[in-house]
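In case you want the letters, here they are:
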Amino acid sequence: RKEVEQDPGPFNVPEGATVAFNCTYSNSASQSFFWYRQDCRKEPKLLMSVYSSGNEDGRFTAQLNRASQYISLLIRDSKLSDSATYLCVVIQTGANNLFFGTGTRLTVIP
Amino acid sequence: SAVISQKPSRDICQRGTSLTIQCQVDSQVTMMFWYRQQPGQSLTLIATANQGSEATYESGFVIDKFPISRPNLTFSTLTVSNMSPEDSSIYLCSVEGGISYEQYFGPGTRLTVT
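Which chain is which? The protein sequence lines are A and B, in order.
Just add 551 to wherever you are in the first sequence, counting from 1, and you've got the working numbering.
Just add 111 to wherever you are in the second sequence, counting from 1, and you've got the working numbering.
These are calculated hints, taken from the structure and not from any lab test.
Be aware that one or more of the hints could be misleading.
[Unchecked claim] Incomplete in silico selection of chain B near chain A, CB under 10 angstroms:
| id | residue |
| --- | --- |
| 1 | 112 |
| 2 | 117 |
| 3 | 144 |
| 4 | 159 |
| 5 | 162 |
| 6 | 169 |
| 7 | 212 |
| 8 | 216 |
| 9 | 218 |
| 10 | 219 |
| 11 | 221 |
| 12 | 225 |
Built from N, CA and C at the ideal position, the CB exists for glycine as well.
Next comes chain B alone, as it looks inside the complex:
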């Protein structure tokens, strides 16, 4: 499976500010995914990021709030914009692993908005 790293691992931010989360993979992958896991909840997909095209957002998530970059096949960023306390969550990136479409996750970024 791929080795995935995320930066930062955690942050505490003030409302109204923005945070950019980085995801780095040790091999080239076509698709990268960004998820959110709110406290006590399961994972919810935010968007799918393909290199060379616009990210595809799931219902309830918009590009203005969660802009995504995918400049190459090993890297992606997710920005959480104009943050509010409701954005406090763990944000995880993932990549597809194999022929059965299983995914492997980065260690996550724990965001607290005050």
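Here chain A stands alone, though its shape is the one from the complex:
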């Protein structure tokens, strides 16, 4: 079983739509959670950390459900510039490396 699993998509949504991605992780001892964004032929860039209480940054909301071992990312009022691959990333307690999901491809259509 993979450490981190994501629906690869693709998700094709119109501008202004709300879209949600989910990600599940296998190790209940996982400690830190992130969403990264990766544009085509570019490096991954940190989008936001995911806290137990949930957190919001503008149009982006991240949630963590430890009981069910999943993480979500909600994007409201989608923009064309949101088109990218979104990577779910998990760090296990005591580890110093990241486990990456395979990414979910989002395309926002005019």
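Using the hints, position chain B against chain A.
Relative to chain A, chain B alone:
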């Protein structure tokens, strides 16, 4: 976040040869990481490089194939040795950013082996 640069940004190499990739950070960092991202795949950690000690390799990666140097707290190199077409990939270095262990990535080196 740290500013990270990598050289070269891309290269096309013949099988059997070796390529050394450089990673430079604008601040001192304890740990640097090397990842590989094969076409259409997510990132896979190759090794963790600490200054002053041998790199720690992940399962499936060995020092003879991917020797790493870490001469100081701002610089590291990864060598891809005796290359084959299966080594064609993007190679990325990263550094830890903060108390939550998030990492920041260099722009990557796109390697094509013919």
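- Query: Which hint numbers does the structure go against, in order from smallest to largest?
  - Reply: 5, 12
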